[in-house]
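Chemist: The whole structure should be built from the sequences, with the hints applied where relevant.
There are 2 protein chains.
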Amino acid sequence: MRTSNYLLSTLKETPNDAEVVSHQLMLRAGMIRKLASGLYTWLPTGLRVLRKVENIVRQEIDNAGAVETLMPVVQPFELWEETGRSEKMGPELLRFTDRHTRPFVLSPTAEEVITSLVRNEVSSYKQLPLNLYQIQTKFRDERRPRFGVMRAREFCMMDAYSFDIDKAGLEKSYQAMHDAYCKAFDRMGLEYRPVLADSGAIGGSGSQEFHVLAESGEDLIAFSTESDYAANIEKAEAAAPTGDRAQPTQEMTLVDTPNAKTIAELVEQFDLPIEKTVKTLFVKASDEVDADIIALIVRGDHELNEVKAENLPQVAAPLEMATEEEIRALIGAGPGSLGPVGLELPFIVDRTVAMMSDFGAGANVDDKHYFGINWGRDVELGQIEDLRNVVEGDPSPCGQGTLMLKRGIEVGHIFQLGNVYSQAMNCGVLGPDGKNVILEMGCYGIGVSRVVASAIEQNHDKYGIIWPDALAPFQVAIVPMNMHKSEEVKEAAEKLYAELTAMGIEVLFDDRKERPGVMFSDMELIGVPHTIVIGDRSMKEGNFEYKNRRNGEKTAVAMADIVEHVKAQLA
Amino acid sequence: MRTSNYLLSTLKETPNDAEVVSHQLMLRAGMIRKLASGLYTWLPTGLRVLRKVENIVRQEIDNAGAVETLMPVVQPFELWEETGRSEKMGPELLRFTDRHTRPFVLSPTAEEVITSLVRNEVSSYKQLPLNLYQIQTKFRDERRPRFGVMRAREFCMMDAYSFDIDKAGLEKSYQAMHDAYCKAFDRMGLEYRPVLADSGAIGGSGSQEFHVLAESGEDLIAFSTESDYAANIEKAEAAAPTGDRAQPTQEMTLVDTPNAKTIAELVEQFDLPIEKTVKTLFVKASDEVDADIIALIVRGDHELNEVKAENLPQVAAPLEMATEEEIRALIGAGPGSLGPVGLELPFIVDRTVAMMSDFGAGANVDDKHYFGINWGRDVELGQIEDLRNVVEGDPSPCGQGTLMLKRGIEVGHIFQLGNVYSQAMNCGVLGPDGKNVILEMGCYGIGVSRVVASAIEQNHDKYGIIWPDALAPFQVAIVPMNMHKSEEVKEAAEKLYAELTAMGIEVLFDDRKERPGVMFSDMELIGVPHTIVIGDRSMKEGNFEYKNRRNGEKTAVAMADIVEHVKAQLA
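Chains as they are written, first to last, in this note's numbering: chain A, 777 to 1347; chain B, 777 to 1347.
Keep in mind that the hints were calculated from the coordinates and are not lab data.
Don't take each hint at face value.
You can't tell identical chains apart in this list, so a pair holds if it fits in one copy or across any two.
Claimed, not checked - Result set (DSS-like, lysine-lysine): computed pairs, CA atoms no more than 30 Å apart in a straight line: (1) Lys788 x Lys1211; (2) Lys864 x Lys1238; (3) Lys810 x Lys1211; (4) Lys1261 x Lys902; (5) Lys948 x Lys1261; (6) Lys1330 x Lys1266; (7) Lys864 x Lys788; (8) Lys1289 x Lys902; (9) Lys810 x Lys902; (10) Lys948 x Lys1289; (11) Lys1060 x Lys1343; (12) Lys1060 x Lys1261; (13) Lys1343 x Lys1052; (14) Lys959 x Lys1271; (15) Lys1238 x Lys1316; (16) Lys902 x Lys1266; (17) Lys1330 x Lys1182; (18) Lys948 x Lys1266; (19) Lys1211 x Lys1271; (20) Lys948 x Lys1271.
Note that the coordinates shown come from a computational prediction; the quantities given were computed from them, not determined experimentally.
Modeler: Written out as structure tokens, the structure reads:
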């Protein structure tokens, strides 16, 4: 490709409205342009990368035995009513009516369409297992789209759906997709982790997320220092402390704490170690509990894990914290003075809290705390659960090593759905015994456009993007200096361009009438991995200059050897 | 691909709701399934063909120097207001609002988005010429979607947009796209014609349609028997008859014609040659005419060409025929008794009519006609225009040969738009002299999904589809007979499958436990061009059977030679 035929559209300045690095660099490198909130046009450079991701995903999903289809972006609303998701999705599901006032949606995902297809097309267990996928435009009407294509409204997603006769088949299909995802992200040259994830409202028995590791990631992931264990912090289990609870050494005392509304103030004013405090949080209870509110107690320096809380049968989903008014109406004290002693509400304590002794907590009276509380002696312990987020140094729940935390960007998700959708939509086949069997489904997604952004979050420097070879929009850049003045430079550049492109190498030939500095910084910004500089001076010495984008090294390469040198770099 | 891993979904019966052959065969061959009116899921077999068309189009458009982009399916409504097309498109333009009640449309095409992009990104004539395209989902809310993907609401289209500094540049860009289209349709193995087309409401100075020839085509195309001239019947010029008008031989007489309301009845009851009659049609006049209605007169056996009529400055666009009431209010007679003699309205006569003598026409009085009318003597001739559709045998307007008519399916269209959009959206660049120049645009479309259907309309027999090699979902089918009983057959089939796939050949290996007859008819229905049958009996003689889908020929090929034989067929 010659830049003169191309739409380079690089920008010198960082646009004001781009918060994260990938968004900034995608705009600056001329990869995308905003059409409206959450809607982006992919310019040529961006689309080349998007297609590379798409093709790697397609090949690996094909290799896993899945078969490609293409479902409409516009879907009948009635299918979404059949599974009840029309309500669950809320306003993210964009609805509209056609010219005959029939209701439709823009597809955010396709469980309903594919299940409806399979129930019509597949009638016998002999046709299973079957895994159907598509790589197609999706739409989610995000309330606040941001970070460019990272959280856009319209985006490109690979979504696959497996159908099996039984759970064993589902597990096999699931594992095949897990492995295909690993191969795809390996090929892309990304540092990523499959992590255990909560399957949440979608249900089913198992689920993993694939995260590209990057400091800017929105998600926290917990890893074992010793094993392969990795889990989204939503899911990572905080193992119960081992050993026995320490014996009481203090009497329980009621203390005036007029200026300690928070744990931080309490710790500071009373010289209390934070590990000797607890937070008591009031949340809405589920119908299983004979009260409107239930209390959850975690250690002062720990955070409540909302997903773990929500998954408890006693807690209403989605999790809802009680308001200050509700707390006052119930207890007569504010949220800064709550605690288990004398609390006339059901409560659940975190595993770590259950092992504490001589600790402090609110007295359920404004401006008063109890210090020196001990379980059993001062208050009954009751139900113990894993309620908190893990922290660095926690023992790994796998039993090996301790946990460390890293940030990640979720780019893929695989689910064992089970029969949630197949049951609701009556999707079954005749089994070997001639009886109808409801199918076991898995669903699998990769955010193709999001992978592009996450690769940039992981691979950039102050000059621009540093593409892994497999994702680069071009493999090689040719930068001829003052080509429009020097016939030798022009000739050498044209010859090299012809040679490399004839070998199937994707070359960006910068034939613009620009200063060398402009050309260099554009190629660095776009992130072309390998650049060959052709100039009068080096040619007099019989050389071209080769520059590696990732390590910045420059090498003089004999003109006769340049093609071999490039081939060696690409190998 | 093994059929056991695949979703074959062939149907024995022709679905009732499919009117045209391509729709019937796409359903029967398991290529598509209807999700809702005008919305189709592409099953694996269909998608494989769609991708082949897409890839050929992409390669040839790339070779023509165009650069690929990807624009959102969801576009802001305000862009469509800027060009005034929000109204022109009518209810085919699907509108909706997002969760914040901002108005959007589903993209039927992208002139507005691309022009808005180019006016922001391109600032100098040095960046031109530029040709940007996408292959993307489009949506048109057709009032009556039909014929499967031939006239669907959601479909896949390649749309390209060229930007040039002047008309000469536009013509060059246009010609490059014309040639790329020819290469693409040549490679697809389709019988097609580029034909002159009316540029209609879209404006601009030139336009051609690309038609796949098929008896079921909705469009009529006129060809010269002697030259390359081809034009859509909407556009094909009916040359003026040569020579002089015959002298009058009859007196004009007023005749009672109480039972002749139509030309057919007149001809039959009065033994009048139809070439001696005319039809007088009342249509709405434009503002240029000092009357609400204008009459158009064509010969009795000719058809009014509505596009030619609409393009006349005297005729209102879109063309609207006067109702019977309007005619009666104006003339006092019904539409069956109109004619030029004594008509107190402006009228325009067709070139052929202008050469008639001694002809019959309505007398503008119910149940009365004049016979023996002659121009000049009985009524003034006035304005002469080309008003009619050409018919077979007309002289070709190119001057060589006569015209013949064929039916075609429009699969592509190229337009010289000029500055219609660039002017409305102020899309200009700095020219060589530093002054702003409004750009000259071309736009170019290929209905990718429609090409698939049109290829079937052109290539099928009573057994199913006969794909041209370049479009076939699979190149080769392997049909092993009773593989599940014969270890030799199984082994030979597996070996051949492994060999052919290793060579990059796309093979469908029918490993189902089905009767050979079922397998044969499925492969014929799907239209795989080359089938290899593996059976016990022929193997005893050392042979496989090769069958060619297009000519039906069966050949015994030595097992050792089969790979070479297949390669020779594919070459």
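Chemist: If you test the structure against every hint from before, which numbers come out violated?
Modeler: Numbers 2, 7, 11, 12, 13, 15, 17 and 19, in rising order.
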